[in-house]
Amino acid sequence: MAWTRKILRVDLTAGTCVGEPLDMEWAGRYLGQRGLASKYLTEEVDPRVDPLSPGNRLIFATGPLTGTAAATSGRWSVVTKGALTGAIACSNSGGYFGAELKLAGWDMVIFEGRAPRPVYLLIEDERAELLDAGALWGQSVWDTEEAIRARHQDPQLRVASIGRAGEGGVLYAAVVNDLHRAAGRSGVGAVMGSKNLKAVAVRGTVGVSVEDMPRFLDAVERAKQVLAEHPVTGQGLPTYGTNVLMNVINESGALPTRNASAVRFEGAGKISGEAMCEKRPTDGKANLVTNQACFGCTIACGRISRIDRGHFSVSTKPEYWRASGGLEYECAWALGAATGVEDLEALTYCNFLCNEQGMDPISLGSTVAAAMELYEQGAITDEVTGGLELRFGSAEALTRATELVASGEGFGVELGLGSRRLCEKHGRPELSMTVKGQEFPAYDPRGIQSMGLTYATSNRGACHVRGYAVAAEVFGIPVKTDPLVAEGKAGLVKAFQDLTAAVDSCGLCLFTTFAWTAEHIAEQLDAACEGSWTAEQLGEVGERIWNLERRFNLAAGFTAKDDTLPRRLLADPAPAGPAEGKVSLLEQMLPEYYALRGWTADGVPTDETVRRLGL
Amino acid sequence: MQRSLRIDSERCTGCLQCELACSLEKEGLFNPSRSRIKVFHFHDDARCVPYTCTQCADAWCAAACPVEAITLNAATGAREVDANTCVGCKVCTIACPFGAINYDRASGKAIKCDLCAGNPACVRACPTGALSFVDANWTGYDRMRRWADRADAPRVEA
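First to last, the sequence lines map onto chains A and B.
Its first residue numbered 1, the first sequence is counted upward by one per residue in the working numbering.
Its first residue numbered 1, the second sequence is counted upward by one per residue in the working numbering.
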């Protein structure tokens, strides 16, 4: 019940697919999805393994609530050792694929080894087989989905695949499902590519049940009502999507601009969620066509956009005139504010390319931004860029750079390795806006102090969805905190990190927590699953997962020295806005955070902490 | 009052809560593959369109059924398949011009929307109002009202 209790183990080297029972003792302690898959990964993978070697494993995981009628039950995760970071990676996605995998009767799929030649996995309920993907290799995500459905004469197959980026070693390659939903970060698509695994196609007709159906439906109904009535989940997100944040964060003086050399972007209004809804002067149509939902989601924040046909990026490419997945806030920021580009159509085109070829727009945009600063400072020249004039604000440079990464040509190969490797190679490591090798997202830690601590301690490298303390600092959810001070942030960050780890392990979307408390989630989980689940237990499971991930990273060679931020954020004061004159107060917050976590001054979980959490 | 299922696809977000609810009502678990209502994605056009049986007054499926397993529920207006009578011959699935009645391999019977005895689960589950259950004689009411508003707009402005 809730769990299918079945794992599909795919040995790509041997070409075998074998079912095995889920470890229910582990499920009781790690729930599912992020937590449970991380438990399997840490038990089965040497932390020091090369992420792109056959020794790494790749896990597609659902949660106990995935596939049920709970709101936002379409979530699933890809867990592996990240190609971009070398740290444990868990990238979440929505769409329909994850629910379909669960409805086919599987909690997770574990891929091990490396296929001798390109393959894809076809799952039809209990039947699973590896098939030749020779003809698919080199094709985009979009063409791959269509080709697989056509080959099997089944338009109802759901597909997760990699595009050219994952095949070609782009270290921030994503796994994309349902055309434009992505397990985007940390290079999980590069790991998939290294295994010669092109795609997973699934059709599920087994269904999912829960332990106590009447009580579950009751809890689900109440929780849906809470989402509908909350201004963020009931109005803001469906109307403007996550990009409703663009103007808000810009006003807060926390919008990292031109590779974080500024904290406010003069073009923010032109690339905001509101701008996406306005009619373009060129063709009288809005960039945004409609909002759409993922499986089971009653929020429906997803953006479906159409690019202006006359725009330079697509005027001769009708294949991009169709509607497809539009800009989320992080993508609009990374492709736009970070590069200084205020051309909404150009950003949408780059976003389409990221979906089409499977790339993380956050890392891509931030890497292009770093390259622009290197170029403007003379650290790289036309010789290195192949004549590409990488100037801040140039939409032409941004779109061309994105095309080069997608196709693996010219300077795109270097850009595909991420900003840390790029900046190190050209002698300016301090210009890389990364933590543990991963580009940080759209919140400047000088203007929102908790985010500095969040980025520095995130187990998958800099990230906003390992603990979205912005909710408290900017929106006052659950309580308003002062974003400009360090006091109290260690506890705030820890609380967000732990609850998020639990939410990510349920099969639910983090966005529900704008409206839901841990109690709302626990009620649904308790009715759906065997055993009893309370809000306290969710916190405990989350803390256990956080420490499990941390211990994997320590064993992989990371130390407290890696819990830091780019020098710019620690040394250069914010030049304007409410945070003017401030730097990140990480050094003040970090020791307190270690102590609260029950870690030594070197950031290592103490024996007592390990015992307490049963690790 | 007899009611009809009304579909306003412009409001559909593609969340599939209707399919989840239908499968729960009819099969006792969450299994969209056995839902009687289906949401179609026309991705390139940014449209999600729910579709199910329209309960024809002169029903091709019922006319074609050799064992008269498909009958009219006079109270709800729904054409219902009597599973005890249905022999699973699939002729109804050929006769229906809309594809809205299908053979169910698990039960060996034809399955279709029966309006849940006058209280459709899909309508209750729809979060956006894309599905509603309205006066069978006035399925065009909302659309008419909208056009009435538009037609009258110039005079109001003047």
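Do not take every clue at face value.
[Unchecked claim] Covered stretches of chain B (in silico footprint by chain A; criterion: 3 or more residues with CB under 8 Å from a CB of chain A, positions within the stretch not fixed):
1. 24–35
2. 40–46
3. 52–64
[Claimed, not checked] Distance ranges between label pairs, derived from CB positions:
4. A/127 - B/91: 55 to 63 Å
5. B/91 - A/530: 41 to 49 Å
6. B/28 - A/286: 41 to 49 Å
7. A/530 - B/138: 26 to 34 Å
8. B/49 - A/131: 50 to 58 Å
9. A/615 - B/87: 54 to 62 Å
10. A/286 - B/103: 42 to 50 Å
11. A/612 - B/28: 39 to 47 Å
12. B/144 - A/286: 25 to 33 Å
13. B/136 - A/251: 29 to 37 Å
Don't read these hints as lab results, they were simulated from the structure.
Nothing here was measured: the structure is a model prediction, and the numbers come from that model.
C-beta atoms are modelled at their ideal positions from N, C-alpha and C, and glycine is treated no differently.
To see whether the hints hold, each was checked on the structure:
As drawn, the segment 24–35 of chain B meets chain A at 9 residues by the rule of a beta-carbon pair under 8 Å; at three or more, the given contact holds. Check result for the segment 40–46 of chain B against chain A: holds, 4 residues qualifying (beta carbon to beta carbon below 8 Å, three or more required). Against chain A, the segment 52–64 of chain B contributes 0 residues with a C-beta closer than 8 Å to a partner C-beta. That does not satisfy the three-residue criterion, and the hint is violated. The beta-carbon spacing between residue 127 of chain A and residue 91 of chain B, approximately 30 Å, falls outside the hinted interval of 55 to 63 Å.
Separated by about 45 Å at the C-beta atoms, residue 91 of chain B and residue 530 of chain A satisfy the suggested range of 41 to 49 Å. One distance hint, 41 to 49 Å for the beta-carbon pair residue 28 of chain B and residue 286 of chain A, holds here, with the actual separation near 43 Å. Between residue 530 of chain A and residue 138 of chain B the C-beta distance comes to about 48 Å, which lies outside the given range of 26 to 34 Å. The given range of 50 to 58 Å is broken by residue 49 of chain B and residue 131 of chain A, whose C-beta atoms sit roughly 31 Å from each other.
A beta carbon spacing of about 60 Å between residue 615 of chain A and residue 87 of chain B agrees with the range 54 to 62 Å that was offered as a hint. The beta-carbon spacing between residue 286 of chain A and residue 103 of chain B, approximately 43 Å, falls within the hinted interval of 42 to 50 Å. The given range of 39 to 47 Å is respected by residue 612 of chain A and residue 28 of chain B, whose C-beta atoms sit roughly 42 Å from each other. Distance hint check: the CB atoms of residue 144 of chain B and residue 286 of chain A are about 27 Å apart, consistent with the given range 25 to 33 Å.
A beta carbon spacing of about 52 Å between residue 136 of chain B and residue 251 of chain A contradicts the range 29 to 37 Å that was offered as a hint.
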